[in-house]
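Protein sequences appear in the order of chains L and G. Quick note: the first sequence uses the numbering used here, first residue 1, plus one each step. Quick note: the second sequence uses the numbering used here, first residue 293, plus one each step.
Hints listed in this document are in silico derivations from the structure and should not be mistaken for laboratory results. Computed from a predicted model, the values in this text were never measured in an experiment. Among the hints, erroneous ones may be present.
[What the hints assert, rightly or not] So, partial list: chain L residues that the calculated Cβ filter (under 7 Å) puts toward chain G:
no.	residue
1	E64
2	I110
3	G214
We put the CB at the ideal spot given by N, CA and C, even for glycine.
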Amino acid sequence: MYHSCRQLREMAEARNVPIHEIVIENEMKNSNIGREEVLELMKGRYAIMRASAERALEQPLPTEGGLITGIASNQYRYARSGDTLCGSFLNTVMARALSGSEVNASMGKICAMPTAGSCGIVPAVLISVGEEFSKTEEEVVNALITASGVGAVVMENATVAGSEGGCQAECGVAAAMAAAGAVELKGGTPAMSMEAFSLALINIMGLVCDPVAGLVQIPCAQRNASQAVNALISADMALGGAKFPIPTDEVIGAMYKVGKLLPVQLRETAMGGIAAEETGKKIEKEIFDLSK
Amino acid sequence: MSVSIFQVAGPVMIGPSSSHTAGAARLARIAAKLPGEFDFVSFGLHGSFAKTGKGHGTDKALLAGVLGIREDDEAIVDAYEIADRLGIGYEFHEEELQSIHENSVRISFYKNDKLLCKVDGSSLGGGAVMISRIDGYEVELSGNLPTIFIRQKDTRGVISHITTVLAEGGINIATMKVSRKNRSEEATCVIEVDDVVEEDVLRKIESNPNIYSVKFIML
Chain L
1 MYHSCRQLRE MAEARNVPIH EIVIENEMKN SNIGREEVLE LMKGRYAIMR ASAERALEQP
61 LPTEGGLITG IASNQYRYAR SGDTLCGSFL NTVMARALSG SEVNASMGKI CAMPTAGSCG
121 IVPAVLISVG EEFSKTEEEV VNALITASGV GAVVMENATV AGSEGGCQAE CGVAAAMAAA
181 GAVELKGGTP AMSMEAFSLA LINIMGLVCD PVAGLVQIPC AQRNASQAVN ALISADMALG
241 GAKFPIPTDE VIGAMYKVGK LLPVQLRETA MGGIAAEETG KKIEKEIFDL SK
Chain G
293 MSVSIFQVAG PVMIGPSSSH TAGAARLARI AAKLPGEFDF VSFGLHGSFA KTGKGHGTDK
353 ALLAGVLGIR EDDEAIVDAY EIADRLGIGY EFHEEELQSI HENSVRISFY KNDKLLCKVD
413 GSSLGGGAVM ISRIDGYEVE LSGNLPTIFI RQKDTRGVIS HITTVLAEGG INIATMKVSR
473 KNRSEEATCV IEVDDVVEED VLRKIESNPN IYSVKFIML
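So that you can see chain G by itself, here it is in the shape it has in the complex (with noise of 0.2 Å):
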């Protein structure tokens, strides 16, 4: 029996809704570790988050994960007040995002007016999510390991200098997502690892020119 008695008896969780409560929060929590230091965040309510979202939460859970709180929290219930103690400004809008699940958002991210980062992510039921766009790019991104993300510019050599520096670091990759718009011009990578990666190591990956920033993430 390969199914956890505890995916049974579980998951522990804010309700009403693993896909449109839970699942939200998390999905927004994974997002709000790409931008850096934010102000303000729109959202874009697509397909069944749209429809039926208000009804579920998902608003509040959303906003909760963007701040950093957790889908078993009750503070998601007070997610607008925290965040406007916390001065973070927040819109929410319909929008029809293309070729993506039922239950999706598209949160963008702002500093000073500012556009810092746009992520498009879907709660997959059960509490489980994906990312699967970073400003355009096409990624991978669960949440369920730690993980890596970094901006290159699409040239030979970059994806060598990263896998030689995470096995001088010990770090073993489980998944890796290479992905460009165009040929020659920037590109993304979504590595997936089995342990937690130390600063050094995030850093001289960066230390190469030819990369434009490095994102460790982890639940």
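This is chain L alone, in the form it adopts within the complex (with noise of 0.2 Å):
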């Protein structure tokens, strides 16, 4: 049993298997079900990933007061046009993860990961890693397994609400998930995966929760954007050999204690941040007084 990264991690290496492979027989024993239904599980809700990464891309979706309606879409078109600067791999992982959130705001199906909020983060940057380096739907699904298991001992030990933990703990866990599982994708160990998850951590931490008129669109989708690139390079640094001397399992403690140490006004009720500054209170004035 494991009910920390460190556990994970040795578990792994114990028995020199990838990290899923110790989730996978912990969720058979925990949900009292075969493998073969908990890789058919996963394989469901990585097609409704699937989907909501890619729905928005070609077009905009109506959303509450029209906040994020075509950022999804419009990002995608730049990521095309072979003039970036980060060129078409990073701009399509952030079209991707605009999407989900699009998506989302838009009253569409999507997959919590773990939140709703940031539904974008892990999809986009695993399914791009799987497509740039030609990896099959099984390894795909695989890593999504190695990020959520990750993700489980957040929300056991931690918390993955923003209303609790501000953004940190929404995005910020999500693009730690995302790295473990880009790592891991990308043929890196159970410790590079560890190493990734701290050092996405630790570039959010003590992000604040500040959505504009309380809705889920911004900052929240270009915080996926964001979220989904630093997975990527936290993965790389890990995989090219970076050491961080803070362990995982301290990273998140350090999260949730920053989490609990932040004001109510800064954990989703809009009343801190970009939210309670002029023009944020008055879009919030304007789509309620509308809808009213």
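Mind assembling these two chains? They're in different frames, but the hints should get you there.
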């Protein structure tokens, strides 16, 4: 049994298996289901993630107040222009993350990962890495299982709710999960996955949740895009051999404590951050006066 | 590790909010199992449901839920049109409910202008919900397990009749909560069980003259 990232890594290392193998065995025991059923269930979730990562790429979707309508298709058009700073790969990753957010905001079907507000990050990263390196569906699903397994450690020991821990707990944990999954998908070791997880989480530690008008649109969608990129650079640092001296479980603990130190204004209440500035409040008033 | 990976990668839902959209739809879907056939629904939105609900499609999710539409069904978006087509009337207003969670609603079901049932419930986050009052009786109904909802006379022997019938039917009780407003008047009983309860077991419970009604709720 494992209750920490250290235990999860040690169990994988002791048997020389990928992290997803330990996570699958735990899930079989935990939910009293067979290996095939675990894989089939995750494959079903992957299909929903794929659909939401693609759906807004070509066509803008209606959102309340229209705050992020067209954000994904715009980025996707730019990604394919051949004239970008970060290249088409990173820009497509961002477009896919934005698509997940836009689908969610338009009342479309999504799979929370780990939350609805951060649902664009893990799919964008793992689908794109899988595509770039010609991985099979099975391999991407395994990486999703690894990402979910480390996410479960956070859910058990800390929080993934923006109302409890701010954006670092939602988009930050999603980025850390994606980083761990991406490392495995690229052929890295369990230790590298955990390094990537730590790096992604320290890169966003302390980030507040300040949704304009209380809606899951801005800055949530933009942070889905930027945190997908955070996941990739964190994975690359880990794959390049970067070592971070603070253990992953302590990074998770720190994130949780930082979240508790955040005042309520900065935890999903729309009472602080950009939501409480002049324009944020104006947008809120316009949307809710109109819909009265 | 007791947290399932499908709690991390999930729920599959209609956006944008697990509490304000998915939870709202689920809550309403459970509530609609209580009144029987209805032709009008009134929603009293409390707290954050009243304040930011509109932006999260809470209204559509609630209406879809009472129509039996699941929280992962994109038909939620068309809830108003579907209700109109089915001839189900609806109305939304703000309502201050006492001692209840921030994300809450009072759902009142009517048939031919007659009130059938009044349900207070809350969306607790992550799609989890709790119905806390039915017609003023304190209950705890999460919908996570098959549930039997009984209205009975508050008199001795009624509960033992219920548990005996369930035991004879091979049904194991997971949780049970009995609630009454005044002694010797009407009371309610919410029983969560591990298995599907067959119709004949429910009718057998109902056959006691001190039992007024029996409803089985399974999502």
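A quick look at each hint next to the structure:
Interface restraint check: E64(L) against chain G, minimum CB-CB distance 5 Å, threshold 7 Å, status holds. Using the Cβ-Cβ criterion of 7 Å, the hint placing I110(L) at the interface with chain G is satisfied: the shortest such distance is roughly 5 Å. Residue-level restraint check for G214(L) holds (minimum Cβ-Cβ distance to chain G is 4 Å; threshold 7 Å).
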